[in-house]
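*Asks:* Numbering (the UniProt record's numbering), first residue to last: 1 to 61.
None of these hints come from the bench; they were simulated from the model. Each statement offered as a hint is correct.
Here are the simulated DSS-like cross-link-like pairs (lysine-lysine), alpha carbons at most 25 angstroms apart as the crow flies:
hint, residue 1, residue 2
1, K37, K13
2, K49, K37
3, K49, K25
4, K7, K25
5, K3, K13
6, K7, K37
7, K49, K13
8, K13, K25
9, K49, K7
10, K3, K37
11, K37, K25
12, K3, K49
Pair by pair, the computed Cβ-Cβ distance ranges are:
hint, residue 1, residue 2, range
13, N60, G40, 29 to 35 angstroms
14, S61, G40, 30 to 36 angstroms
15, G35, S61, 24 to 30 angstroms
16, S61, R41, 26 to 32 angstroms
17, R34, M4, 20 to 26 angstroms
18, S61, N38, 25 to 31 angstroms
19, N60, N39, 28 to 34 angstroms
20, N60, G35, 26 to 32 angstroms
21, N5, G27, 19 to 25 angstroms
22, S42, R12, 15 to 21 angstroms
23, N57, Y30, 14 to 20 angstroms
We put the beta carbon where it would ideally sit given N, CA and C, even for glycine.
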Amino acid sequence: MDKMNYKDIVSRKCVFFNMRVICEKAGVNYSTYRGWKNNGRSFSDQKAKLLYETMRNIMNS
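When you get a sec, could you build the whole thing from the sequences and use the hints?
*Replies:* Now the structure itself:
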């Protein structure tokens, strides 16, 4: 089974969500997310997975 690329998924799907709210609900600092998205700063796979799961939970609610 291939490992999911959470960073790629979050990067593609972020346009459909208010990422400030997603970050808050996931417990990820919004400035950390913005630094990764806009400036290519480091961003852990764990944080990307948290954002992905939060986005998915909101879609399913």
